[in-house]
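Visitor: Next come the chains, spelled out residue by residue.
Protein chains: 2
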Amino acid sequence: MCLGVFVTNDQRPDRTACDLVPIAWDEVAGAVRLLDQTALPGRADQRLVRSTADLVQAIAELAVRGAPSLGIAGALGVVVAVDEAAREGWDEARRDAAIDAVRGARPTAVNLAWGVDQVRPLLGQGRDAVLAAALALTEDNLAANRELSRRAADWLLERIDRPRLRAITHCNAGALATAGWGTALGVLRDLHERGRLELVYADETRPLLQGARLTAYELAALGIPHVVQVDSAASSTILRGLVDFAVVGADRIAANGDTANKVGTLGLALACDAAGIPLVVAAPWSTVDLSTADGSGIVVEQRGSQEILQWAGERTAPEGTQGFNPAFDVTPSRWVSVIATERGVVEPAHGTTPRDLA
Amino acid sequence: MCLGVFVTNDQRPDRTACDLVPIAWDEVAGAVRLLDQTALPGRADQRLVRSTADLVQAIAELAVRGAPSLGIAGALGVVVAVDEAAREGWDEARRDAAIDAVRGARPTAVNLAWGVDQVRPLLGQGRDAVLAAALALTEDNLAANRELSRRAADWLLERIDRPRLRAITHCNAGALATAGWGTALGVLRDLHERGRLELVYADETRPLLQGARLTAYELAALGIPHVVQVDSAASSTILRGLVDFAVVGADRIAANGDTANKVGTLGLALACDAAGIPLVVAAPWSTVDLSTADGSGIVVEQRGSQEILQWAGERTAPEGTQGFNPAFDVTPSRWVSVIATERGVVEPAHGTTPRDLA
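Protein chains in written order, with numbering that gives the first Met the number 0: chain A, 0 to 357; chain B, 0 to 357.
If the Cβ cut is set under 8 Å, some of the chain B residues that face chain A in the computed set are:
(1) Pro-206
(2) Leu-208
(3) Ala-211
(4) Tyr-216
(5) Val-229
(6) Trp-310
(7) Pro-325
Chain B stretches covered by chain A per the calculated footprint, using a threshold of three residues with CB under 8 Å from any CB of chain A:
(8) 195-203
(9) 232-246
(10) 269-276
Keep in mind that the hints were calculated from the coordinates and are not lab data.
C-beta atoms are modelled at their ideal positions from N, C-alpha and C, and glycine is treated no differently.
Work out the full structure, taking the sequences as your base and the hints as a guide.
Guide: Pasting the structure below:
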């Protein structure tokens, strides 16, 4: 296993799992090991990072991305700064400036700052205490993902009477965005390990194609049979009876179960409701925002037109045409069959809500 | 107006409308005039075609496409063959071979053969009789499109109490696929001419982007305010109350009103139903197939993986990943609010069906 810590460079017992770990501590190299996601799916390049400057650059380039991954990057960045300071003979002020540079590498990524702040108070206890705390964050994320995946898989297997299930998913809520296990894809991985998964339909997920690029990569690495389809095929795939359930991650879950996730999730929810199959939201408890009563309090991020209107530098629409590019949509709780977190499972469509787990 | 016949090359009274005529007879040049759709939306190049060989090439290159357009191309192709035979001194056998070449330029496009066969029996009556018959086909298509557009617009304006309506559409059912008016886009054009259209959300329509490339081009040429969005944004655009109705074309309509159209139409239908707004299907009567009782009798064409899995020659998914690429979906009649044809309007969701117009 190379989840969390790489113990050796060359004799990794589980090559597949290693290809899905976005960020980890390499004990042999004494460095952060990153999977360079900018090269996916064409290449799965590993990158060793020994300096805070290189880490800042990797984060800015999106070589590592995803909220939980960035939290871990922030925490491990403090270790890198301590080691670099010792190696280069930096004073404390220079070391702290390097840590601040990691903390601010992507200003809007709150998890990055959160990860730094989780371990920074331990600097007085020495480098090994900081490393232990950073690794504990990684373990916590992995444990939460595995637990919520197990709970969601149990829920599904109790309700769907088929030897092996067929699923649809949207976007990428997988190992590559977390500490190395995943949420929506963690559920599929759990079912696969139990021998209970038949086939996954992965929406390509326009405009950035996280489904085609990342989800398909993860499913291939895990040996899970899958096909990629355009997003607009989801409704007919569901209503033709080709899948038994849909599973997605979440960006934010309101107290009543209304769920914000990648735009297109709402379309899956409508089709699942019409077909009478469950929509499963798989997300760590940290995604639940009890201070937001319902979806009306969630602001949907509007992104730039150019993501839609051009491809590989060429315009796909006429000059002058504007794009409308909401990054997320909000699925009302009445269409959310189940929310699986590491704390437990609730069924918003049947009246239980995240509040019941608080 | 340059619908159907171009009377002059340089003094076209309505430049906008001319940019939306995919194929017409140019009286001055004595030739077929094509809008080269392979160059859209970047350029709107007009091409004069004087030989059957050039026409066959234009059809094969998809410079002209869409079932009604190809029917007209077939009919006008017979005129081109007659003129070419006179000019080049061909005998009848050579002329007939040239007509057959046009007829078979795209073997699966039945409308091409249909267009040839409509006018070929008139060869004995002379070239002008053939031309008149070809122009009559054009006029018939235009008249049918205009009539069904008017009926759909009337239906909408009777039911939606807003000064100007906001619409969503999917794919391209416009002038460029017909004789120069359009079906779904014809409805929008009719509303626009009455000053009753506010804004159109055009789905980009993966995998081939007919929405971004062609629908946005047509709306821009007509001066209709519009935005392009990814297909998966349709559900939230509808459920957030941003539009008053959806309008689409159809590839085939069963006797009970079940409607096959570009994949993604079903998702619009589900969202319209949930939002309580109408889904309008706009299609000429020739699209209705009374010999097919319902949607279960419609075979959905599966197209190749490469349309999904690569872009501009680059793979977007890992090597080995397969694509699932249904070209159409079938929307059950209970979610089809209205079908507007030139014969009249029926409301399948409320129990009237195309059979009632037979």
